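Here's the letter readout for the chains.
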Amino acid sequence: SQELEQSPQSLIVQEGKNLTINCTSSKTLYGLYWYKQKYGEGLIFLMMLQKGGEEKSHEKITAKLDEKKQQSSLHITASQPSHAGIYLCGADRSGGSYIPTFGRGTSLIVHP
Amino acid sequence: DSGVTQTPKHLITATGQRVTLRCSPRSGDLSVYWYQQSLDQGLQFLIQYYNGEERAKGNILERFSAQQFPDLHSELNLSSLELGDSALYFCASSGWTRPGELFFGEGSRLTVL
Numbered sequence: 001s002q003e004l005e006q007s008p009q010s011l012i013v014q015e016g017k018n019l020t021i022n023c024t025s026s027k028t029l030y031g032l033y034w035y036k037q038k039y040g041e042g043l044i045f046l047m048m049l050q051k052g053g054e055e056k057s058h059e060k061i062t063a064k065l066d067e068k069k070q071q072s073s074l075h076i077t078a079s080q081p082s083h084a085g086i087y088l089c090g091a092d093r094s095g096g097s098y099i100p101t102f103g104r105g106t107s108l109i110v111h112p
Numbered sequence: 001d002s003g004v005t006q007t008p009k010h011l012i013t014a015t016g017q018r019v020t021l022r023c024s025p026r027s028g029d030l031s032v033y034w035y036q037q038s039l040d041q042g043l044q045f046l047i048q049y050y051n052g053e054e055r056a057k058g059n060i061l062e063r064f065s066a067q068q069f070p071d072l073h074s075e076l077n078l079s080s081l082e083l084g085d086s087a088l089y090f091c092a093s094s095g096w097t098r099p100g101e102l103f104f105g106e107g108s109r110l111t112v113l
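Quick note, the sequences are listed as chains A and B, same order. Just so you know, the numbering used here puts 75 at position 75 of the first sequence, and the rest follows in order with no gaps. Just so you know, the numbering used here puts 48 at position 48 of the second sequence, and the rest follows in order with no gaps.
What the hints contain is simulated information worked out from the structure, not anything from laboratory work. Since this is a predicted model, take the numbers as computed values, not measurements. Some hints could be false.
Computed cross-link-like contacts, BS3-like style, restricted to lysine-lysine with a CA-CA straight-line distance of at most 27 Å [said to hold, decoys possible]:
(1) A:27 <-> B:57
(2) A:27 <-> A:56
(3) B:9 <-> A:68
Whenever a hint applies, use it, and build me the whole structure from the sequences.
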């Protein structure tokens, strides 16, 4: 099964700062997903990356999948309190399954 | 609002008991997924149904079972409950037009005492 490591585990930043969250896999990623979870709520889909070198943006959030397809980074520009929550990366359980297996998540707090 | 409805939102029960969690997917979505989220295990995939048929199985215990009905709603049955089953149980659904984009409900928080 796919094992994903996210770093950092938690992050506290001042509003307006940029930040990066990393997701690393020991195996080739066939599909990489980023979701956001507000505390105590359900997950919200942010984006899916499939091709090596692919980069996508959603508002001020940009995610990229490296060429080797074993690492993804999520970058938030000019963070806002609304960005606070838990960011989870997920990977296909098996190629083409479109069923995410998730990492442990990164908790983000943004101070106004 | 994701369009996925889960009931109940909160449930407190005792060890050894059985509970049923219910999920109504987004209108038109044929796939339903169940996930369990706990502090020690993180978010674990349990099972997927597609149009009434079991499609994929994850880390679902034998004490747990699920089904999807003709109207596409799904139920997750948890029996012989143990303290360690206390968790947030999420249901998600997806459509065929954007595979990989799961729409999650707000979850059912189960506390086993």
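Going through the hints against the structure:
Our distance criterion of 27 Å between C-alpha atoms is met by residue 27 of chain A and residue 57 of chain B, whose separation comes to about 21 Å. Restraint check for residue 27 of chain A and residue 56 of chain A: the C-alpha separation of about 22 Å stays at or below 27 Å, so the hint holds. Restraint check for residue 9 of chain B and residue 68 of chain A: the C-alpha separation of about 41 Å exceeds 27 Å, so the hint is violated.
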